[in-house]
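Enquirer: Sequence:
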Amino acid sequence: MKRRDLLLQPLGLALANSVKAAEQPWTARLLRGGFDTIQWWSGLLISMQPGWKTYWRVPGDGGIAPAFELTGVNVARHRVHYPAPRRFVTPSGTVIGYKEEVVFPIAVVPQNPDQPVTLQLKSFFGVCEDVCIPAPFASKVIFHPAASSAPDQNLISEWQSKVPPIVDQGPVTEVRAISHNGQPAVLIKTSVRVNDMFVEGNPAHYFEAP
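Counting in the working numbering, the sequence shown runs from 1 upward without gaps.
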């Protein structure tokens, strides 16, 4: 019996080291912000180890689009906001997303502003370095009208400032489909110089850098 225990000890140590080495490279948290007289503010914070990234809603030909399922109590409507992403060239293709940290701000309009609001989130996103791993996450947050505390509002506001504003046209003056080197393309003319542009269309279509 003692001999068997001695033989198992190195195996147990090896298993412990294996588990430690396989710790997930990301964490997530559902944030609780404040009320701006119209909506409550929440947000999904995704923190990743250096070198890891996650994706914008149009992830590029090598990425995984995030998915959000939002339900709740006393919720009239909600909206997930996407900060402006970056473009990354990887061995699997060009992807569009965020490295190491991102907050997706979430606006929640209550049915009755005088009553508490419960927001429940189920999400699925990918985090990638050289390989991609699935990242499911679920949580909930409760907003109380009488509460003055909004511990995460500064962080939410910081990332909300990075969300592109919605405008009727902006600098775009012309958009039309063309053929370029025998391939379908979109010609976009702008009134000012644009360093990069992210095109959102049919989920099956991916657009290269302009």
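Derived from the structure by calculation, the hints contain no laboratory data.
Fair warning: there could be bad hints in the mix.
[What the hints assert, rightly or not] Simulated pairs of lysine-lysine, DSSO-like, Cα-Cα distance not exceeding 27 Å:
1) Lys140 - Lys189
2) Lys140 - Lys122
3) Lys162 - Lys189
4) Lys99 - Lys122
5) Lys162 - Lys122
Enquirer: Hint compliance check: list the failing hint numbers for this structure, sorted ascending.
Expert: 1
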